[in-house]
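Peer 1: First residue of the sequence shown: 47, per our numbering; consecutive thereafter.
Quick caveat, the hints were computed from the structure, so don't treat them as lab data.
As the structure is a computational prediction, the values presented were derived from the model and not from experiment.
Glycine included, C-beta positions come from ideal geometry on N, C-alpha and C.
Mixed in with the good hints, there may be bad ones.
[What the hints assert, rightly or not] Estimated spans, in silico, between C-beta atoms of each pair:
#1 50 <-> 87: 18 to 24 Å
#2 65 <-> 116: 25 to 31 Å
#3 110 <-> 87: 32 to 38 Å
#4 101 <-> 128: 14 to 20 Å
#5 89 <-> 54: 16 to 22 Å
#6 94 <-> 72: 26 to 32 Å
[Claimed, not checked] In silico lysine-lysine, BS3-like type, Cα no more than 30 Å apart, as pairs:
#7 123 <-> 84
#8 52 <-> 115
#9 84 <-> 126
#10 116 <-> 92
#11 52 <-> 116
#12 116 <-> 84
#13 126 <-> 115
#14 52 <-> 126
#15 92 <-> 123
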Amino acid sequence: MPEDAKVHVGNLSFDTREDDLMYEFERYGRVEQVQIIKDRDTGRPKGYGFVMFENSEDARDAIYGLDQKKFLGRVIKCEKARPRRSEGETEIFAVTTSVAVVVVAESGDIRIRSSAKMQTDLSSMKYSSTDNCSWTFRYDKSFKYVRY
47 MPEDAKVHVG NLSFDTREDD LMYEFERYGR VEQVQIIKDR DTGRPKGYGF VMFENSEDAR
107 DAIYGLDQKK FLGRVIKCEK ARPRRSEGET EIFAVTTSVA VVVVAESGDI RIRSSAKMQT
167 DLSSMKYSST DNCSWTFRYD KSFKYVRY
């Protein structure tokens, strides 16, 4: 099975069975495997799963045909599955942090001009637990930088 022949199916009803998914997706091509993800502790479905097709064209057709369609009472989301992340790698979707605007005068005096909470969308940024991350913000001529 090619890696791009795997479809992620989200917003599934908790009553969905693997047979239900198999039946629905087989209309688009030969399905090799269906997996509904379950909670490790309770064994209850988490509301999403994967459908693996024999080829990527069938997977693409299924995504096009079933994305945002009603299935067992819920509007499902179908998209090409992303590869699993390596151990220790984390994906950040947004960061909320406190930011202070600090003014450093030519005399060397440091004053806090204002502070605020800031939310930053970092959907494309990935870091691993061994990375050293820092951001630089520039506000005005007298302000040097802030590093986290």
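Peer 1: None of the hints should be skipped; say for each whether it holds.
Peer 2: Going down the list of hints, with the structure as the test:
Distance hint check for residue 50 and residue 87: the Cβ-Cβ separation is about 32 Å, which falls outside the suggested range of 18 to 24 Å. Between residue 65 and residue 116 the CB atoms are about 18 Å apart, so this pair departs from the stated range of 25 to 31 Å. Under the hint 32 to 38 Å, the C-beta atoms of residue 110 and residue 87, about 36 Å apart, fit the expected range. Between residue 101 and residue 128 the beta carbons are some 19 Å apart, a value that agrees with the proposed interval 14 to 20 Å.
About 21 Å separates the C-beta atoms of residue 89 and residue 54, a value consistent with the hinted range of 16 to 22 Å. Distance hint check: the CB atoms of residue 94 and residue 72 are about 19 Å apart, inconsistent with the given range 26 to 32 Å. With a C-alpha separation of about 18 Å, the suggested pair residue 123 and residue 84 falls inside the 30 Å cut-off, and the hint holds. For the hint linking residue 52 to residue 115, the alpha-carbon distance of about 18 Å falls within 30 Å, and the restraint holds.
Simply put, residue 84 and residue 126 have alpha-carbon atoms about 20 Å apart, close enough for the 30 Å limit, and the pair holds. The straight-line distance between the Cα atoms of residue 116 and residue 92 is roughly 18 Å, inside the 30 Å bound, and the hint therefore holds. Annotation: proposed proximity of residue 52 to residue 116 holds, straight-line Cα distance about 20 Å (limit 30 Å). Annotation: proposed proximity of residue 116 to residue 84 holds, straight-line Cα distance about 22 Å (limit 30 Å).
A threshold of 30 Å between alpha carbons decides the hint, and for residue 126 with residue 115 the separation of about 16 Å falls inside it, so the pair holds. For the proposed pair residue 52 and residue 126, the alpha carbon gap of about 6 Å is at most 30 Å, so the pair holds. Restraint check: the Cα-Cα separation between residue 92 and residue 123 comes to about 14 Å, which is no more than 30 Å; the hinted pair holds.
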